[in-house]
Amino acid sequence: MAAAESYPDDLKYHSEHDWARVDSDEATLGITWFAQDALGELVHYEPPEPGQTVTRGEPYGEVESVKAVSDVIAPLSGEVIEVNGKIVDAPETVNDDPYGEGWLVRIRLSDPSEADSLLDAEAYKQVLAEQ
Amino acid sequence: MSGRYLSLTERDREAMLATIGVASIEELFADIPESVRFRGELALEPALSEPELVAHLEELAARNIHAGAEVSFLGAGMYDHYVPAIVDAILSRGEFLTAYTPYQPEMSQGVLQAIFEYQTAICELTGMDVSNASGYDGTTVAADACYVAKHATGRSKIVLAEALNPQVRQVVKTYATGFGLEIVEVPHRGGTTDPDELREAARDAAGVIFQQPNFFGCLEAVPELAAAANDAEALPVVHVDPVSLGVLEAPGAYGCALAIGEGQSAGNVLSYGGPHYGYIAARADYIRRMPGRIVGETVDAAGKRGYVLTLQTREQHIRREKATSNITTNQTLLALAGLVHLSWLGPQGLREVGETCLALGQCARKRLERAGFELVFPERTTFKEFAVRVGRPATEVIRAARERGVHPGYALGRDYEGLDDALLVCVTEKRTPEEIDRLADVLAEVARA
Numbered sequence: 011m012a013a014a015e016s017y018p019d020d021l022k023y024h025s026e027h028d029w030a031r032v033d034s035d036e037a038t039l040g041i042t043w044f045a046q047d048a049l050g051e052l053v054h055y056e057p058p059e060p061g062q063t064v065t066r067g068e069p070y071g072e073v074e075s076v077k078a079v080s081d082v083i084a085p086l087s088g089e090v091i092e093v094n095g096k097i098v099d100a101p102e103t104v105n106d107d108p109y110g111e112g113w114l115v116r117i118r119l120s121d122p123s124e125a126d127s128l129l130d131a132e133a134y135k136q137v138l139a140e141q
Numbered sequence: 048m049s050g051r052y053l054s055l056t057e058r059d060r061e062a063m064l065a066t067i068g069v070a071s072i073e074e075l076f077a078d079i080p081e082s083v084r085f086r087g088e089l090a091l092e093p094a095l096s097e098p099e100l101v102a103h104l105e106e107l108a109a110r111n112i113h114a115g116a117e118v119s120f121l122g123a124g125m126y127d128h129y130v131p132a133i134v135d136a137i138l139s140r141g142e143f144l145t146a147y148t149p150y151q152p153e154m155s156q157g158v159l160q161a162i163f164e165y166q167t168a169i170c171e172l173t174g175m176d177v178s179n180a181s182g183y184d185g186t187t188v189a190a191d192a193c194y195v196a197k198h199a200t201g202r203s204k205i206v207l208a209e210a211l212n213p214q215v216r217q218v219v220k221t222y223a224t225g226f227g228l229e230i231v232e233v234p235h236r237g238g239t240t241d242p243d244e245l246r247e248a249a250r251d252a253a254g255v256i257f258q259q260p261n262f263f264g265c266l267e268a269v270p271e272l273a274a275a276a277n278d279a280e281a282l283p284v285v286h287v288d289p290v291s292l293g294v295l296e297a298p299g300a301y302g303c304a305l306a307i308g309e310g311q312s313a314g315n316v317l318s319y320g321g322p323h324y325g326y327i328a329a330r331a332d333y334i335r336r337m338p339g340r341i342v343g344e345t346v347d348a349a350g351k352r353g354y355v356l357t358l359q360t361r362e363q364h365i366r367r368e369k370a371t372s373n374i375t376t377n378q379t380l381l382a383l384a385g386l387v388h389l390s391w392l393g394p395q396g397l398r399e400v401g402e403t404c405l406a407l408g409q410c411a412r413k414r415l416e417r418a419g420f421e422l423v424f425p426e427r428t429t430f431k432e433f434a435v436r437v438g439r440p441a442t443e444v445i446r447a448a449r450e451r452g453v454h455p456g457y458a459l460g461r462d463y464e465g466l467d468d469a470l471l472v473c474v475t476e477k478r479t480p481e482e483i484d485r486l487a488d489v490l491a492e493v494a495r496a
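Chains A and B, in that order, are what the protein sequence lines are. All you need for my numbering is the position in the first sequence, starting with 1, plus 10. All you need for my numbering is the position in the second sequence, starting with 1, plus 47.
Treat the hints as calculated values from the structure; they're not laboratory data. All of these numbers come straight from a predicted model, not from anything done at the bench. Every residue, glycine too, gets a C-beta built ideally from N, C-alpha and C. Possibly wrong hints are sitting among the right ones.
[Unchecked claim] Pulled from the structure, derived: some chain B residues nowhere near chain A, Cβ distances all over 10 Å:
# : residue
1 : Arg84
2 : Pro93
3 : Glu296
4 : Ile365
[What the hints assert, rightly or not] Taking lysine-lysine pairs in the DSSO-like style, the calculated list, with each CA pair at most 27 Å apart, reads:
#  : chain 1 : residue 1 : chain 2 : residue 2
5  : B       : Lys369    : B       : Lys413
6  : B       : Lys369    : B       : Lys204
7  : B       : Lys197    : B       : Lys220
8  : B       : Lys477    : B       : Lys197
9  : B       : Lys220    : A       : Lys77
10 : A       : Lys77     : A       : Lys96
11 : A       : Lys77     : B       : Lys197
12 : A       : Lys77     : B       : Lys369
13 : B       : Lys413    : B       : Lys220
[Said to hold, decoys possible] What follows is a set of in silico ranges between Cβ atoms, one per label pair, in the way DEER data are often shown:
#  : chain 1 : residue 1 : chain 2 : residue 2 : range
14 : B       : Pro234    : A       : Asp106    : 52 to 62 Å
15 : A       : Gln141    : B       : Val231    : 19 to 29 Å
16 : A       : Leu138    : B       : Arg60     : 47 to 57 Å
17 : B       : Ile67     : A       : Asp106    : 25 to 35 Å
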C-alpha cells in the first residue's frame, strides 16, 4: 500500500527530493514522498558501503523502479555508519513508508552546520509547487 | 539536377520554391557567402547508363577474392567456418529481417523469443547466468565489460593480457579515456600469460581481461588466471571464441565473472570483417550493469508464456549519459545467425567441429615441422591457430604466397615486437589435408625454413 502524500515538519529537505532527520551529529537520510511517487514502485536499491564518505549535493546510491534508475543525492556530508538492509531486500518499503521504515542510510555528519542551509517542510512544498 | 535516379522532378522543385516564396535555388542559397562557395565543375566521371553501370560493378566485384575461391589459413579473430544453408534460409525470413529493436512486445514475440533462445544458448555455452541480446562486436563487448568491472568494484584500473587480441586491446584503450580507466598490460611469456605476473598487476584493479585460446592460439592456464584476478577482488573477464566451447571448459566453471567474445565464428561468414556480433555473459551479480538489451520470459494477463525486454531502465533512452552502453546498433539478425548455427550443430556437432579443428591443426603443425619450419611456441597446446617462423619477414612471405593462390596466415610482427618472422596459421574444419600439403609446399617455395 503506497503512503499518502506528506512532508513531516521535523525533517529537513534538499531540493533534489531528499530528506534528512538530524540528531545532533548524526542524520538519517531518505527520499521524499514526491520522489518515490515520481519513480513508481521501487525494485532495486544500490546502497553505499558503510564507511564510505558522502558529499552534500553528490550521489551516494541508486534507486531503481520499473520505469527509471535515479541517483540518490546526499542532502548533507558525512560518513555512512549504517545502510538500511531492509530496503535492499524489499525496496518497495520506500513506497509504503518513505519517512519511517523506508530510510536509506544513517551518516555521521562531517559539518552539522550544513543542516542550516536545508529547506524546511514549507519551503520544500514551495519548491514542489513551482515544478 | 534532375535525372532518372533522382525522385524529384523539375516541377516538384518549382512547386517547393514557389511554396516558400523564392524564385530559384540560387536565391535560396543567397545567404551562403561567396567566399565559401564552390563554383567549378565537380570532378566526376560522366554518368553511365544502367547496363554500363552493372557491367562496371561486375568488373569491380570480380577483383575481390573470397575464402571459397582461394585457400585461406587466415584467422586472427575472424574464422572461415562452414555456415550451414539453414542459417541464410531463416535469416532471410521477412519477420526477422529488420534492424529495429523489438520495443513493442505485443507485435514482436517471434523476435523476442529468438533473442531469448540466443541468450539461453550463450549462457549454456559459457556457463554464465545471464547474457544480453548481443553486442556490437568482439571488441566493444570488452569495453562494456570494463564498465561493468569499474562500477562493480569502484576501481578504475584494467589489466589486459598482451596475448589478448590486439584489436580488442586497442578498442579498450580508446574507451579508457572516456571511462576514466588506467590500462596496464601484462606481457606474454613464451606464448601464454604468467599467472604470477597477472596476480601482481591485478592488485587494485577493477577487472582483468585474458583470452582463451589466446591470440596466438595457445591455451592459457585459465583457472589460475581467473584465481589471480579473484584473489585481488578484480573481476576476471575471459574473451572466448564460442566455437572453442565444444571442446574447452566453460568460463563459468573456472571462476570468471564475465565471458565475452566475437560471435562471428558461430554462424557468420567472413564478409570483409563485418558486420558481426559480440556476446557478453555474466554471473547474476552483474545483471544490473549489463550493457544493452536483455529479453526476459514472463506470462501475459491470461497466464500464457511471453517475452519482453527487461531491465531497460539502464538503457540509453532512459538513462542517457549514465546508460550501461551507448551503442544503439542492433546486431540481432547476426546473433540470430549464431543461434541458428549453434542449434543446428547441437552440443555433439559443436564438439565435432572443435575436434576436427584440433585434429587438422595438429596435422598442420606436424606437416610444417616436417617441412623444416620451427614453431614459435613449441611447448604450447593450440586450438585452431599456431605460430610458425618463416625465416624472413612474414609480410613478404604472405605477399609471395598470395601470388600462388594461398593465404598462409597473419603477420604477428604487426602487433608484437620480435615476431617479424612469425606467421599465425589458422586451420578450421573447412581446411583439408590436401590444402595443408599445398600450404607446406608454397611455404617451402617462398619462405626460409
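Quick rundown of the hints versus the structure:
| no. | hint | verdict |
| --- | --- | --- |
| 1 | Arg84 | holds, 48 Å |
| 2 | Pro93 | holds, 57 Å |
| 3 | Glu296 | holds, 32 Å |
| 4 | Ile365 | violated, 6 Å |
| 5 | B:Lys369 with B:Lys413 | violated, 52 Å |
| 6 | B:Lys369 with B:Lys204 | holds, 20 Å |
| 7 | B:Lys197 with B:Lys220 | holds, 14 Å |
| 8 | B:Lys477 with B:Lys197 | violated, 40 Å |
| 9 | B:Lys220 with A:Lys77 | violated, 33 Å |
| 10 | A:Lys77 with A:Lys96 | holds, 22 Å |
| 11 | A:Lys77 with B:Lys197 | holds, 24 Å |
| 12 | A:Lys77 with B:Lys369 | holds, 15 Å |
| 13 | B:Lys413 with B:Lys220 | violated, 38 Å |
| 14 | B:Pro234 with A:Asp106: 52 to 62 Å | holds, 56 Å |
| 15 | A:Gln141 with B:Val231: 19 to 29 Å | violated, 47 Å |
| 16 | A:Leu138 with B:Arg60: 47 to 57 Å | holds, 54 Å |
| 17 | B:Ile67 with A:Asp106: 25 to 35 Å | violated, 59 Å |
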